[in-house]
Structures are given as C-alpha cells and as structure tokens.
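In case you want the letters, here they are:
Protein chains: 2
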Amino acid sequence: MEKSITMIGLGKMGLPMAENLLAAGYALTVFNRTVEKAAGLVSRGAVLAESPSVAVATGGIVVSMVADDRALLSLADDTFCLALGAGIHLSMSTVSAETNRTLSERHARFGGQVVAAPVFGRPEAAATRKLWIATSGPGTAKAQIKSVLDALGQGVFDFGEDVGAANVVKLAGNFLLAAAIEAMAEASAMAEKNGVPRAAMLQMMTSTIFNCPIYVNYGRGIIQSDFTEAKFSIPLILKDMHLVQHTAAASRAPMPIVNILCDRYLTALAKGREAYDSTALALGAAEDAGLNWLK
Amino acid sequence: MEKSITMIGLGKMGLPMAENLLAAGYALTVFNRTVEKAAGLVSRGAVLAESPSVAVATGGIVVSMVADDRALLSLADDTFCLALGAGIHLSMSTVSAETNRTLSERHARFGGQVVAAPVFGRPEAAATRKLWIATSGPGTAKAQIKSVLDALGQGVFDFGEDVGAANVVKLAGNFLLAAAIEAMAEASAMAEKNGVPRAAMLQMMTSTIFNCPIYVNYGRGIIQSDFTEAKFSIPLILKDMHLVQHTAAASRAPMPIVNILCDRYLTALAKGREAYDSTALALGAAEDAGLNWLK
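Read top to bottom, the protein sequences are chains A and B. Its first residue numbered 1, the first sequence is counted upward by one per residue in my numbering. Its first residue numbered 1, the second sequence is counted upward by one per residue in my numbering.
This is chain A alone, in the form it adopts within the complex:
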C-alpha cells in the first residue's frame, strides 16, 4: 500500500522537508498560501490542494510547518479538524507549548491526535535530512509517525506524553542559540577593542572548547560579517525569544539573558533589519562598542 501524507507550509524549512517526504516515497499532498512555492513539488508528482481541509485525508497524517502560533491556530479550525478526523497532526512549527496543547484539544473533539515535533537545524540541514527532532505527545500516535520523522531528520529525542514538552525544549534550544551569538558578539567586541581580531579569537574557541555546530556556524557568520542574508530571519527568532520570555514569565522563571536578546533584536528591527539573519544579533554588541562589522 502506498504511504500518503499531507504537508502544510512550504517555507524555508517546510519546502525541503516536503521534498524529503517525496524522496522517501510518500504520496504527497501539499498546501501553501503562496501557490508558486509548490511548483517544483508538483512537477515531481505532489498534489497541490486548494485549502488545508481539502489537503488532508480523513484518518491520515498531516505535517504542519508554519510561521507562528497564530498561523497554526488559524489553520486548525473546525473544518480542518473535522476533515482530519481520527488522524494525526504532526505539529513541527516552533510554537508555544500552550498552542500545541490547544491544538491537541481541538483535534481531540474529532478523534484526532497531535504529536509535537519541533526541529533543530537551518534550511540546509532540512534539505540534507540532518535535522534533530524533539517529540512529545501520545505514545500510540508517536509510533505511527516514526517513519515520517526518519525521512526528515538524523535523530529523534522524545520528551513524553505532554504534547507541550517538545516545544519547551525547542524554545530552550533557540534561547541557547541566541545566547551563544550574543556571548560571542560581546567577547568579540571586547577582543577587538583590545587589539585582537574577532576572527583569531573565535577561530581558536570554535576549534577547541566550543567546537560544536552552533558556535562553529554562527561564529563563522560573525567572523565573515554574514549578517544580511536571512536563513533564519530576525522577525522569526524574535518571535521565538518573545515565546521564551512569555513562557518564562508565565511559569515564574526569571531569565535575564532573554531580556537582553529581545532588546537586541528589537534594536535590529528599529534599524530596519527585518530581512537580516538571526546572526545579526551580533551587530548590537559591536555597534554599542563603536565597531562596524557590516560589510
């Protein structure tokens, strides 16, 4: 029997993920607000649906990868949940734990289940199936979507039955990522103001005690002033930092660094850098120190 699946959201992450589902042999139906994004997939056999509720199969599996909480909740209206029925919604967007819990309640009314599966990795990692995936949700549903995740990433870490848990981990990870950029930027600004080029300092650090993907990749971005081409744009990461701030506040967990990060990204937007990459956070510490790292 052919495996069928639906993918909603063909953005920078969703599109390469959909391509991997096709490559893995799934009969793929897609929906995206901007229809043009689906052209390549359609030319390779995917079906483009006119609406999310038409795109899903009753009792089937739908994967969503949309921009934010509002987009996800707006997608999952009664029509959509009814159409999916007793199927599984694999919710892979970076949203709050609360949003996935709400999503779960909505689908439950029609017999459906939600598995949260946010991912770590930029678009190139999505394209090469190098994503790391955090999951949470009902065990029976997780068993049924295992092969889908195998087609998308290099490893899955499970965080139990609470559908919100994986999103807490995703937010924690994105916070660690942005905090690492800020720390590298502050250290680099201090180094340069004291005669040491940031390239020399960061190259030692990222090839020794900080030789992991986040420091290596974002460190390279800081060294090469690779700020303006967005792989993970500032409005998207600021949305995540605001989710962290909100989640932390609601649960009474003060996080002083996240406040610095939100302010840095707000400053970037105030300077008209909507289209810049999340790495451009680093310009904040540099410019505050009177340095210009823009090419």
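Relax, there's no trap hidden among the hints.
Pairwise CB distance ranges, derived in the manner of DEER restraints: (1) A:295 to B:23: 47 to 53 Å; (2) B:23 to A:211: 23 to 29 Å; (3) B:23 to A:128: 44 to 50 Å; (4) A:199 to B:250: 20 to 26 Å; (5) B:249 to A:266: 23 to 29 Å.
Each computed BS3-like pair below joins lysine-lysine, with the alpha-carbon atoms no more than 27 Å apart: (6) B:239 to A:193; (7) A:3 to A:146; (8) A:271 to A:231; (9) A:239 to A:37; (10) A:239 to B:193; (11) B:130 to B:12.
A short, non-exhaustive set of chain A residues, derived as facing chain B with CB atoms under 10 Å: (12) 120; (13) 121; (14) 157; (15) 159; (16) 166; (17) 177; (18) 183; (19) 184; (20) 200; (21) 207; (22) 248; (23) 250; (24) 251.
Read the hints as simulated data drawn from the structure, not as lab findings. All C-beta atoms in this analysis are idealised placements derived from N, C-alpha and C, irrespective of residue type, glycine included.
Based on the hints, put chain B in the right spot on chain A.
Relative to chain A, chain B alone:
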C-alpha cells in the same frame, strides 16, 4: 645537554603541569608558597627552592602559574627579574593583558622577555596534557619555549607579538564559558518550571547542536548537581569575570552578560559558597525561579 626549567606556583593547575615537565625530561626546579605541595615532585627528582629568585637560572626559562594579577606582579620584583636576567618568563596565569605588559617592561630592564601563554582546560586536562594554549609575545622567545608548551598541551594558538593579546583571548574564553553556564541554567530553570526535567533537555542539546566540551562537561555538572566540589572555584572565576568587566570598561565595550555573571558569583559568595565550583553559577537562575538543585 639536559634541559632545565623552573616552575613557580603548584596549585590545582600548576602541579599537574609541573609533573608533565618532569615527565618530559626537564631538570625541574620549583617554588611554591605552600612547601608541602612540592613533596611528590621532589620525590621524583625536582628541586625545591627557597624563593622564586633562587629558583630561576640566569638566562633560563621560568614558567609561572599563580592565582591572580597581584600574585604575579608581587612575584616579579626587581630581585626576581635580575635573577632571570636575559631569560624567558613564560606567564601562564589568567591575568589581565595590562599585567603581562607590565611584567614585560619589568623583565626588559634586565634583558628578559615575557611570553604570555594562558591555558584552557581544567586540572584533569592539565594532567592529561589536553590543555589548549594561547600565546603572544616576541617571536624569538616564542620559538625557544615551543617544546615547553608541547609538553603541557594538545595545541597552541598564537596571537602575535603584543604580550597582552593572549590574555585578552583567555578572558574572552572564560567569559564564553561562564555565559554558557548561565544560559544553560536559565534554559533549565524555564524547562523545569514547564514540566521538562533539565537532564532531558540538556542531554538532547549537548549531544546535538551543543556537543562541545564546555556544554557537555558543565551541562553534566548542572544535570548531576555537581556544584560543591571546586575544580575551578568561584573566587577564581569571579576574579576572571571582574577582569573581563574591567577590560571591557577600560576599552569602552559594553558587555551586558558579564554584569549578570558577576552578580551571580557575588550572590554565590554572599550565600557562603566560596568553596563551590564555577558551575554553581547555575544555582542563581534556579533559586531565582524557586527551584532547589542542591543535592
């Protein structure tokens, strides 16, 4: 001809380094304020000197690894610099760039040269020759001490002729280290207040996008609540953070995270945790969120 060398300072780092110099075949003379620390070395052939100026050989090489800037400047008085004469002082302590520049001026009056060579790694890395070493200073002197550093670490990164440069890098690195602990602590507190154990979250992060020594080792410390046994004690790392703060301020480089770090360590001292490890920084974010991570 037998290679001779002098080592000043047999603390948690200096002692294993001295042992590696002995193991590498150096005729070793040592000095330490606490004489007992030298017993093991003396039993294996090292000579214990009564004072630093007696310990050094005129025109020879002396390695110093002492607690702070004051200890280093107090060591390198006129008597000491005269005794070393046209030798080389390999200054491996974590001190300010300014202190090594002052040290360099003092030795220069007697024909001596200073090479800065601060190290990255905890005592176990020192014992297993796994230190990463940053160097700076006169090229001719660096060429002469190359084999000494080869006996102590796994790799050397050079930062040019300014003797202060390597210390700027060392301060930047220790700042990155403490910032990583604080970020992991804030993320962990937020996760636990939202139902995700810090062990689960940190194990995913440190085995995927943050799989480098600093996150793996200090993350394990946070997971296991390994706070009280000091390998790198709070007064020592607070000294480093104050050096970062001072260096940043003097060069007009605002570093908001370092202010958080200094306050965390001051709070740890205010709570009587002088003997705790630098990892205990993490207790700040936890306790501020109403969590108790002490075993």
